[in-house]
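**Q** Protein sequence lines correspond, in order, to chains Z and S.
So in our numbering the end of the first sequence lands on 1390, straight run, no missing numbers.
So in our numbering the end of the second sequence lands on 117, straight run, no missing numbers.
FYI, nobody ran anything at the bench for these hints, they're computed from the structure.
The beta carbon of each residue, even a glycine, is placed where N, CA and C say it ideally should be.
One or more of the hints may lead you astray.
Estimated spans, in silico, between C-beta atoms of each pair [said to hold, decoys possible]:
{"no.": "1", "chain 1": "Z", "residue 1": "Asp1296", "chain 2": "S", "residue 2": "His82", "range": "46 to 52 Å"}
{"no.": "2", "chain 1": "S", "residue 1": "Lys25", "chain 2": "Z", "residue 2": "Pro1317", "range": "23 to 29 Å"}
{"no.": "3", "chain 1": "S", "residue 1": "Gly6", "chain 2": "Z", "residue 2": "Lys1377", "range": "38 to 44 Å"}
Subject to a maximum C-alpha distance of 25 Å in a straight line, what follows is the list of computed SDA-like cross-link-like pairs (lysine to any residue) [to be verified]:
{"no.": "4", "chain 1": "S", "residue 1": "Lys43", "chain 2": "Z", "residue 2": "Ile1285"}
{"no.": "5", "chain 1": "Z", "residue 1": "Lys1382", "chain 2": "S", "residue 2": "Ser104"}
{"no.": "6", "chain 1": "S", "residue 1": "Lys44", "chain 2": "S", "residue 2": "Ala90"}
{"no.": "7", "chain 1": "Z", "residue 1": "Lys1377", "chain 2": "S", "residue 2": "Lys21"}
{"no.": "8", "chain 1": "Z", "residue 1": "Lys1337", "chain 2": "Z", "residue 2": "Lys1377"}
{"no.": "9", "chain 1": "S", "residue 1": "Lys25", "chain 2": "Z", "residue 2": "Lys1334"}
{"no.": "10", "chain 1": "S", "residue 1": "Lys44", "chain 2": "S", "residue 2": "Asn73"}
{"no.": "11", "chain 1": "S", "residue 1": "Lys25", "chain 2": "Z", "residue 2": "Gly1318"}
{"no.": "12", "chain 1": "Z", "residue 1": "Lys1385", "chain 2": "Z", "residue 2": "Gln1326"}
{"no.": "13", "chain 1": "S", "residue 1": "Lys44", "chain 2": "Z", "residue 2": "Ser1308"}
{"no.": "14", "chain 1": "Z", "residue 1": "Lys1348", "chain 2": "Z", "residue 2": "Gly1318"}
{"no.": "15", "chain 1": "Z", "residue 1": "Lys1385", "chain 2": "S", "residue 2": "Ala42"}
{"no.": "16", "chain 1": "S", "residue 1": "Lys44", "chain 2": "S", "residue 2": "Glu55"}
{"no.": "17", "chain 1": "Z", "residue 1": "Lys1382", "chain 2": "Z", "residue 2": "Phe1323"}
{"no.": "18", "chain 1": "S", "residue 1": "Lys43", "chain 2": "Z", "residue 2": "Lys1334"}
{"no.": "19", "chain 1": "S", "residue 1": "Lys43", "chain 2": "S", "residue 2": "Leu98"}
{"no.": "20", "chain 1": "Z", "residue 1": "Lys1348", "chain 2": "Z", "residue 2": "Ser1308"}
{"no.": "21", "chain 1": "Z", "residue 1": "Lys1385", "chain 2": "S", "residue 2": "Thr5"}
{"no.": "22", "chain 1": "Z", "residue 1": "Lys1337", "chain 2": "Z", "residue 2": "Glu1295"}
{"no.": "23", "chain 1": "Z", "residue 1": "Lys1314", "chain 2": "S", "residue 2": "Leu98"}
{"no.": "24", "chain 1": "S", "residue 1": "Lys44", "chain 2": "S", "residue 2": "Ser74"}
{"no.": "25", "chain 1": "Z", "residue 1": "Lys1385", "chain 2": "S", "residue 2": "Ser89"}
{"no.": "26", "chain 1": "Z", "residue 1": "Lys1382", "chain 2": "S", "residue 2": "Pro86"}
{"no.": "27", "chain 1": "S", "residue 1": "Lys21", "chain 2": "S", "residue 2": "Asp88"}
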Amino acid sequence: GQQVMQIPQYQHVQEGEDFTTYCNSSTTLSNIQWYKQRPGGHPVFLIQLVKSGEVKKQKRLTFQFGEAKKNSSLHITATQTTDVGTYFCAGRIGGGSEKLVFGKGTKLTVNP
Amino acid sequence: ETGVTQTPRHLVMGMTNKKSLKCEQHLGHNAMYWYKQSAKKPLELMFVYSLEERVENNSVPSRFSPECPNSSHLFLHLHTLQPEDSALYLCASSLQLGVASEAFFGQGTRLTVV
């Protein structure tokens, strides 16, 4: 079936280090969304990317959508303890489907 | 708060019990969803409703029965569940189908089947 692969599954960093999570799809995505889920919480929408090669920034977070619209990445510069949580990508398959296919997520822990 | 409210937050039920999960949103959204989140698995889409009409059912066992009486409320009726059904059940809503819109998630119901 349609899958969205996300790596790494876990990432442990020292506060101040950078962090990147990658998302890959076997099929072209019409758009991709990123969510963050804090421990014990629920997924919260971060951003949506639609255009091929699109790059968006939110403070220390940089999101990219690949040229082929099959991969995406989230990069956090100089991590802080408030960045801990699981980051999910969710790809929307083309053709107007409402189905958001979620990756397994990358669980980030930050050592102060 | 995202504007999507789920009750109860925690539920423990036996395999012969019948229970219901409730989701409510007053965001004016027309699409509502049920997701299942298990440990070490991606978020699994279970059901999609648009304007109270079910538009997607992802091969979910019949022991899970959704109901959408209006665009603000969504239920998940549970009966004769199995221990492997223990998970976090998340409700979400979005503005409408067919439009690239973000999903607003509720806080989830942590279900334990004993």
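**Q** Mind listing which of the numbered hints don't hold for this structure, in increasing order?
**A** 3, 7, 8, 9, 10, 14, 16, 18, 19 and 24
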